[in-house]
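Participant: Here are the chains, one letter per residue:
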Amino acid sequence: MIYFNAFIFCAVVCLIGQIILDHTSLTAGHVTTIFVVTGAFLDIFSIYDKFVLYAGGGACVPITSFGHSLIHGAIESAKNNGFIGLLMGMFDLTASGITAAIVFSFILSFIFKPKD
Amino acid sequence: MYKSLVNKHKPKEDYLKNEVIAFIVGGLMGIIAQALIDIYSYILNIPSKDASTFMIVTLIFIGCLLTCLGFFDNIVKKCGAGLIVPITGFAHSMMSAALDFRKEGMINGIGANMFKLAGSVIVFGVVSAYIFGLIRYLFFGGAI
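These protein sequence lines map, in sequence, to chains A and B. The numbering used here puts the first residue of the first sequence at 1, with every later residue one more than the last. The numbering used here puts the first residue of the second sequence at 1, with every later residue one more than the last.
The shape of chain A in the complex, shown without the other chains:
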């Protein structure tokens, strides 16, 4: 059942993105930025946590979960350290993804030549 939920959630998010791309003059960069801000916004009232419980991996893979992870780490750290924790914990949960992207693309850009 969770596979069905994952399919539906991720598909609906991508469908919204495609509709924005097709019917407005916004580019792919605008769409991903809008989705990150939306993911952070939905976490004010912990709405996105319910999506993660409901859809599992389907809610973890769209870029909205990047905003969700940012605010989640910040809040988690703010509980322990007070205000300064918001700054300390911002990248706690997303550090793995950002580091992996930097390291892989740096190493692979030496191995491969650009194709065009």
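Hint data in this document are derived by calculation from the structure and do not stem from the laboratory. Owing to the predicted nature of the structure, the values given are computational and were not obtained by experimental measurement. Just so it is clear, CB atoms sit at the ideal spot from N, CA and C, and this is done for glycine as well. A portion of the hints provided could be inaccurate.
Derived SDA-like pairs: lysine to any residue, alpha-carbon spacing no greater than 25 Å straight-line [to be verified]:
1) Lys113/A to Lys116/B
2) Lys49/B to Ile122/B
3) Lys49/B to Lys113/A
4) Lys103/B to Phe71/B
5) Lys103/B to Asp73/B
6) Lys49/B to Asp73/B
7) Lys50/A to Ile39/B
8) Lys116/B to Gly29/A
9) Lys79/A to Pro47/B
10) Lys79/A to Ala95/A
Listing some non-contacts, in silico: residues in chain B with all C-beta distances to chain A over 12 Å [as the list claims (entries may be wrong)]:
11) Tyr2
12) Leu5
13) Gln34
With chain A held as given, fit chain B onto it using these hints.
Facilitator: Frame of chain A; chain B shown alone:
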């Protein structure tokens, strides 16, 4: 006058077909993600929260590798948002920036331009997460 001329000669895109493809590809990405989480948590015997980290790293690696091999740009043209919105789009934007500016050298090329496309996601994500996190911390104490 000019606008009607432009509209007349603009190539007609099949919006419905684009949207159906994005819907299906996005859904398949969700299924792959959930399957990877289940596989990792079964093989490595870890909770699914940790397995989702492994899943994201795996998808980023696949996205980077396919971009290097030159497949990804062709697939993105067909699938549209189905591959841009998932985390593979983030990996693709960083990898293609690194490849494009590789000839300008290691420091001024790769180092300075890697975040050229992906930077906006991180900047807006961090600023909005800070503001919304402040709101949530002040009004709810992070309780919910």
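Participant: If a hint holds in the structure, say so; if it doesn't, say that too.
Facilitator: Cross-check of the supplied hints:
{"no.": "1", "hint": "Lys113/A to Lys116/B", "in the structure": "holds, 19 Å"}
{"no.": "2", "hint": "Lys49/B to Ile122/B", "in the structure": "holds, 22 Å"}
{"no.": "3", "hint": "Lys49/B to Lys113/A", "in the structure": "violated, 36 Å"}
{"no.": "4", "hint": "Lys103/B to Phe71/B", "in the structure": "holds, 21 Å"}
{"no.": "5", "hint": "Lys103/B to Asp73/B", "in the structure": "holds, 20 Å"}
{"no.": "6", "hint": "Lys49/B to Asp73/B", "in the structure": "violated, 31 Å"}
{"no.": "7", "hint": "Lys50/A to Ile39/B", "in the structure": "holds, 23 Å"}
{"no.": "8", "hint": "Lys116/B to Gly29/A", "in the structure": "holds, 11 Å"}
{"no.": "9", "hint": "Lys79/A to Pro47/B", "in the structure": "holds, 23 Å"}
{"no.": "10", "hint": "Lys79/A to Ala95/A", "in the structure": "holds, 19 Å"}
{"no.": "11", "hint": "Tyr2", "in the structure": "holds, 17 Å"}
{"no.": "12", "hint": "Leu5", "in the structure": "holds, 18 Å"}
{"no.": "13", "hint": "Gln34", "in the structure": "violated, 3 Å"}
Violated hints, in rising order: 3, 6, 13; the structure is consistent with all others.
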